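K.L.:
We have chain D; now place chain U onto it with these hints.
Number of protein chains: 2
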Amino acid sequence: MADAATKDREFMSAALALARKNAASAEGGPFGAIVVFDGKIVGEGRNQVTTNNDPTAHAEVVAIRDAAKHLGRFDLRGCVIYTSCEPCPMCLAAAYWARVDKVAYAATQYEAAAAGFDDAYLYDELAKDMGSRQLPCVQVKTGDEDPFAVWLANPNRIPY
Amino acid sequence: MADAATKDREFMSAALALARKNAASAEGGPFGAIVVFDGKIVGEGRNQVTTNNDPTAHAEVVAIRDAAKHLGRFDLRGCVIYTSCEPCPMCLAAAYWARVDKVAYAATQYEAAAAGFDDAYLYDELAKDMGSRQLPCVQVKTGDEDPFAVWLANPNRIPY
Chain D
0 MADAATKDRE
10 FMSAALALAR
20 KNAASAEGGP
30 FGAIVVFDGK
40 IVGEGRNQVT
50 TNNDPTAHAE
60 VVAIRDAAKH
70 LGRFDLRGCV
80 IYTSCEPCPM
90 CLAAAYWARV
100 DKVAYAATQY
110 EAAAAGFDDA
120 YLYDELAKDM
130 GSRQLPCVQV
140 KTGDEDPFAV
150 WLANPNRIPY
Chain U
0 MADAATKDRE
10 FMSAALALAR
20 KNAASAEGGP
30 FGAIVVFDGK
40 IVGEGRNQVT
50 TNNDPTAHAE
60 VVAIRDAAKH
70 LGRFDLRGCV
80 IYTSCEPCPM
90 CLAAAYWARV
100 DKVAYAATQY
110 EAAAAGFDDA
120 YLYDELAKDM
130 GSRQLPCVQV
140 KTGDEDPFAV
150 WLANPNRIPY
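Protein sequences, first through last, are from chains D and U.
Under numbering that gives the first Met the number 0, residues 0 to 159 are what the first sequence spells out, in order.
Under numbering that gives the first Met the number 0, residues 0 to 159 are what the second sequence spells out, in order.
Warning: the hint list may mix true and false statements.
One copy or two, either will do: identical chains are not told apart, so a pair holds if it fits within one copy or between any two.
[To be verified] As a list, the in silico DSBU-like pairs of lysine-lysine whose alpha-carbon atoms are at most 30 Å apart: (1) Lys68 / Lys6; (2) Lys6 / Lys39; (3) Lys20 / Lys127; (4) Lys140 / Lys101; (5) Lys140 / Lys68.
I should point out that these hints are in silico values taken from the structure, not numbers from a laboratory.
Predicted, not measured: the structure shown is a model, and the values here were computed from it.
Just chain D, with the same shape it has in the complex:
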């Protein structure tokens, strides 16, 4: 029986194969990811930003959505994501929301930056106070009823 490190490398090779397939076909960025549960691949994703016209279709997000669909639950406890590259803030936050146990990555952010994918800017921006960010975020107040009040008054609400 393969030891944990060998299995890790096998799963990472599967993620890297998806990344190379994308890189060669130019159907999206050179990124791939898989989600593993109980020793089996339950989700996979390739970057599909440009092919699907979906700026959120990074490999990890696609793989998380695929795994959640296949497992039939919105909570991926017990799962590990294997991704060809360190996740960007969107994908890392998605991994937190999915409540995966672990993220395994192959390439570092420095290798990604050398290939033209520099996520450092995004990490810097998110760490700033709202007023200091490049993307303007402004509050708009209306006289409408508060959705949170409706939510808290609803006994059928499903927390997540």
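P.N.:
Showing chain U alone in chain D's frame:
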């Protein structure tokens, strides 16, 4: 003709109506968002995490995907997102990737926290160095060919 502030409130009311609809139906969290381009609503989203078993289906992500699909492009320059609540890090990063011009929000993070949605933890985690985060992120090296090398050698690649 309505002035900009009046239009802002109208669009925000539309996002809040989606949020309240979700809150009342318990089909997902109490969040709604719309994307506006050239004075028209081109995308909308309600939180669908629990209904669709999709941990990434926050209102803003759903609205961004919807707008990109309708506009037929992965770059939402010129668009504004109106969201019922300050975005979480996943949604804010998605807004950056989508390259929207502006994010307008109604409820503050403090109001969200009072309703049980506390994104402060996630902002804190993302600002930390990888080794200090609660979610373990580990590098797994294999002997596989580098997807970035394949990408850089492909003349048909589409940057994004």
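K.L.:
So, for every hint listed, does it hold in this structure?
P.N.:
Hint check results:
no., hint, result
1, Lys68 / Lys6, "within (24 Å within a copy, 38 Å between copies)"
2, Lys6 / Lys39, "within (10 Å within a copy, 51 Å between copies)"
3, Lys20 / Lys127, "neither (36 Å within a copy, 32 Å between copies)"
4, Lys140 / Lys101, "between (39 Å within a copy, 16 Å between copies)"
5, Lys140 / Lys68, "between (36 Å within a copy, 29 Å between copies)"
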